[in-house]
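Colleague: Given only the sequences and the hints, what does the whole structure look like? Please build it.
Quick mapping for you: the protein sequence lines, in order, are chains A and B.
Positions in the first sequence are counted from 1; adding 4 to them yields the numbering used here.
Positions in the second sequence are counted from 1; adding 341 to them yields the numbering used here.
Among these hints, one or two may not hold up.
Cut-off 25 Å, straight-line C-alpha distance, at most; resulting in silico cross-link-like pairs (BS3-like, lysine-lysine) [claimed, not checked]:
#1 A/Lys156 / A/Lys193
#2 A/Lys156 / B/Lys440
#3 B/Lys374 / B/Lys346
#4 A/Lys76 / A/Lys167
#5 A/Lys20 / A/Lys167
#6 B/Lys374 / A/Lys156
If you're looking for bench data, these hints aren't it; they were derived computationally from the structure.
Below are the chains, spelled out letter by letter.
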Amino acid sequence: MGAQLRLLRRRINSVKSTAKITRAQELIASSRIVRAQQRMQAALPYEREITRAVTGVVSNAASVDHPLTVAKENPAQAGVLIVTSDSGFCGGFNANVLREAEALRGLLESRGLTVLPFVTGRKGVTWHTFRQREMGGSWVGFSRKPAYADAKEIATTLIDSFKEENGIDEIHIVSTEFVSMLTQNVVVKRVLPLEVEETEATEATAIPPYFEFEPTAGDVLESLLPRYVESRIFTALLQSAASEEAARRRAMKSATDNANELMRVLTQQMNQARQAEITQEISEIVGGANALADAAAGKE
Amino acid sequence: MVIAKTVDGEIGIMPQHAPVLGVLVEGGVLRVKREGEGDLVAAVHGGFISVADNEVSVLAEVAELGSEVDVAAARDALDRAQASIEANQEDADAAIEAKRARARLRAAGEEV
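Modeller: The structure is reproduced here in structure tokens:
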């Protein structure tokens, strides 16, 4: 009995220290979400304006033929940028992104394209190297706090490959969109070639019927599009960073809750074992005393 | 009134200006003339200016308000860039660096 008691006590201690770690992780993640959200908010105006500008150019200058806007007739290879996290402890965050990326790969392959993944985040890179998949590029080390320079580096690699004769013909992004603290969705977006949407112009989104360009529409587009791709990638990285922290907070919260529940059950078992031990000791003493008393009575 | 420098030259935008989308030069100075207050000056490195619906938006890769420029640091950067240009005429990075430093100094109201 004594051994079982000691065993339970040891388990409780180990669960307790695990709970401390997960609780700390949960708190760290909570404080990081706020900062990640602020960074996301700060990048919003730039993205909105640049999207507006691109929409302005494309809808005004339909005659502009830029290699980045025109869909190739026979696309052969598609680049997929997969945004994952560097560290684990965040539940199904990476698994969800990678599952969606696999679904996209299946979809693209059914269209007869080969898929070249570009991966950010240590988890995604390990996933791909383990399966010996060829990658067009991989970046690690900034998933929690992406800088604009990181987005720029990724965009440059993608655009260079896009412009190459035998490079990629489409660029897709698979990343996690931050909706709220509780909801994050995996989204798949096509960045290039641009998707032209025919929409009804509303008051808020109305684009002026004409635009003057300095110097020409083509030149503007030439320097605008790379910035647009950078901005889209940067937004995806920021959203993914915020989502990662939110996912981590949730995973760590349930881990802490589970540890507390486990501790409660184990403590109960421990008390039971202790009680049983005491009861046994008492009955042993009583039994012994009775035996002595019987022996003494027999002598007389 | 907003004054900016595009690759075609300086452009001044008054209220009710027609929609424009322009590419800004590397190392330009943007000036916003305001009524009743001093000018708002900023060093802007690359990017775009877009005018629509009586609204001017400047999208820059890097920008710095004139009042926030660290003059000593900018002068230092300029000196270093010029030194490396003298050492190597085809140093494109240094040329851009020098342009940026000059823009920052001009935005801060310094003579270059």
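Colleague: Does each hint hold? Answer for all of them.
Modeller: Comparing the hints with the structure gives:
1. Distance hint between A/Lys156 and A/Lys193 is fulfilled; the C-alpha atoms sit about 18 Å from each other, no more than 25 Å.
2. The straight-line distance between the Cα atoms of A/Lys156 and B/Lys440 is roughly 21 Å, inside the 25 Å bound, and the hint therefore holds.
3. For the proposed pair B/Lys374 and B/Lys346, the alpha carbon gap of about 15 Å is at most 25 Å, so the pair holds.
4. Distance hint between A/Lys76 and A/Lys167 is fulfilled; the C-alpha atoms sit about 11 Å from each other, no more than 25 Å.
5. Under the criterion of a C-alpha separation no larger than 25 Å, the hint pairing A/Lys20 with A/Lys167 is inconsistent with the structure, at around 56 Å.
6. With a C-alpha separation of about 33 Å, the suggested pairing of B/Lys374 with A/Lys156 is violated against the 25 Å cut-off.
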